[in-house]
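Per the numbering used here, residue 9 is the first one in the sequence shown, and the count goes up by one each step.
No wet-lab data here; the hints were simulated from the structure. From a predicted model like this one, the values you see are computed outputs, not experimental measurements. Incorrect hints may have been included.
[Stated by the list, open to error] Here are the simulated lysine-lysine pairs, BS3-like style, with alpha carbons at most 30 Å apart:
| # | residue 1 | residue 2 |
| --- | --- | --- |
| 1 | K232 | K121 |
| 2 | K172 | K232 |
| 3 | K121 | K354 |
| 4 | K299 | K358 |
| 5 | K172 | K333 |
| 6 | K232 | K205 |
| 7 | K176 | K204 |
| 8 | K232 | K279 |
| 9 | K205 | K272 |
| 10 | K299 | K242 |
| 11 | K114 | K232 |
| 12 | K354 | K333 |
| 13 | K172 | K114 |
| 14 | K299 | K121 |
| 15 | K272 | K299 |
| 16 | K279 | K176 |
| 17 | K279 | K354 |
| 18 | K172 | K205 |
| 19 | K204 | K299 |
| 20 | K121 | K176 |
| 21 | K204 | K121 |
| 22 | K176 | K205 |
| 23 | K205 | K279 |
| 24 | K333 | K121 |
| 25 | K114 | K242 |
| 26 | K299 | K232 |
| 27 | K333 | K358 |
| 28 | K176 | K114 |
| 29 | K279 | K242 |
| 30 | K176 | K272 |
| 31 | K242 | K176 |
| 32 | K114 | K279 |
| 33 | K232 | K242 |
| 34 | K358 | K205 |
| 35 | K242 | K354 |
| 36 | K232 | K358 |
| 37 | K279 | K299 |
| 38 | K204 | K242 |
| 39 | K272 | K354 |
| 40 | K172 | K121 |
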Amino acid sequence: MTMRTSGAPLVQFTLPGVVGSRRESMRRGYLSVEVVLLSATGFVCLLFVLDQHGVVKRDLTPLEQPVSTKESVKLLVIPPGAAYWVRTSHLGCQENSSVVNITGFKQLPDHIKDFLRYRHCRHFPTLLDVPNKCGGPAASTEVFLFLVIKSSPSNYERREVIRKTWGKETTYEGVQVRRLFISGVPSDPREARRMKKLLRIESRDHGDILQWDFYDSFFNLTLKQVLFHQWVEKNCPGARFIFNGDDDVFVNTYNMVHYLLGLKTSNNGDKHLFVGQLIANVGPIRESWSKYYVPVQVTTSNSYPPYCGGGGILMSGFTARTIHKMSLGIELLPIDDAYLGICLEKAGLKPASHMGMRTVGVNIPSSRLDSFDPCYYRELLMVHRFVPYEMLVMWRAIQEPNLICGKKTQVYLGM
């Protein structure tokens with residue numbers, strides 16, 4: 009204890025009784041805590057013993073319910089690079105277990121095995137739908153050009169830029185253009201939960217998302233294509249023309265509409281049209297390291313019929329409906345654009361090349377020239393591939409009224 013008297017130096021002294029009482033109080037506090045802890049431990053141990061002997065029973069809340077084996081498939085984390093065919097095992101489509109008897113099946117990559125097990129599955133729940141996108145089946149004849157873009161759930165930036173540029177729903181030269189993004193679900197459950205929220209927001213704000221409950225993967229592109237043709241047959245059968253492409257392509261919508269209007273006297277969507285960048289005299293890639301690997305266990309044929317590159321294809325409504333009908337009797341193939349070629353061949357139809365459709369980019373005559381010069385793109389219908397910012401910049405550039413294109417010639421006048 010410290011005391012100071014007026015004008016005197018500081019004096020310190022200790023009161024033994026005060027210190028002793030404080031120590032005693034602290035000791036009693038520690039003992040109280042120890043008693044509480046020991047009591048709690050004993051109580052927990054008692055409950056454990058009773059539970060082990062079946063005395064204690066408790067009801068599980070919905071969040072505590074054990075997950076069944078079937079339900080846990082939905083939470084399966086897919087290894088990088090894999091492309092699992094179905095999202096869950098309880099969607100009404102059973103695994104074809106007989107494929108294990110195919111020669112060489114055990115040596116195939118997992119995603120090929122999975123494809124073979126479930127390639128017969130074609131019916132999946134629709135998570136997000138826009139059945140009135142075309143105004144209903146009867147009014148769908150008013151849709152002149154239907155822009156249908158294959159887009160993975162996470163590609164939000166691409167979709168946003170497309171909405172603001174070449175995919176804008178408006179009237180071009182007096183005809184209606186409509187837009188739709190088609191998608192599956194991510195295989196990773198955490199990402200799937202996030203993307204579910206994102207796509208719901210996009211669907212509410214823009215009304216342009218069509219999503220099914222299957223994994224959005226490379227090997228499921230054909231499934232996505234087949235389900236879309238089925239959807240069109242039901243909800244938008246009167247659409248005159250359909251552009252079907254990836255979300256990293258750049259489309260000059262003005263040129264595309266202008267080209268199609270030029271066909272009006274000979275084809276108003278009621279005759280065959282299927283144009284793009286033509287691919288012919290090719291067959292399945294048998295190298296297992298390739299992204300496009302298709303082993304003989306999937307198809308024994310060593311050649312594909314002619315087809316157009318899947319990055320961007322322009323077709324008539326007639327051809328879209330024909331593809332749907334033909335697909336009903338053709339086994340799914342993991343290469344989506346080749347599969348469309350097979351459907352056309354079965355119908356006795358042929359794909360055609362269009363110089364304005366460039367699925368492998370534009371060839372620039374010299375490395376010294378700017379490959380992003382809008383003059384290279386102003387006359388085209390579609391180019392693959394562009395990143396989002398390039399789409400926006402190019403869309404504005406090709407509409408610049410002062411854009412001058414043409415060969416510049418310098419003439420030297422000597423004396």
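Discussion item. Are any of the numbered hints broken by this structure? If so, which, sorted upward?
Written reply: 5, 9, 10, 13, 15, 20, 23, 25, 28, 32, 34, 37, 40
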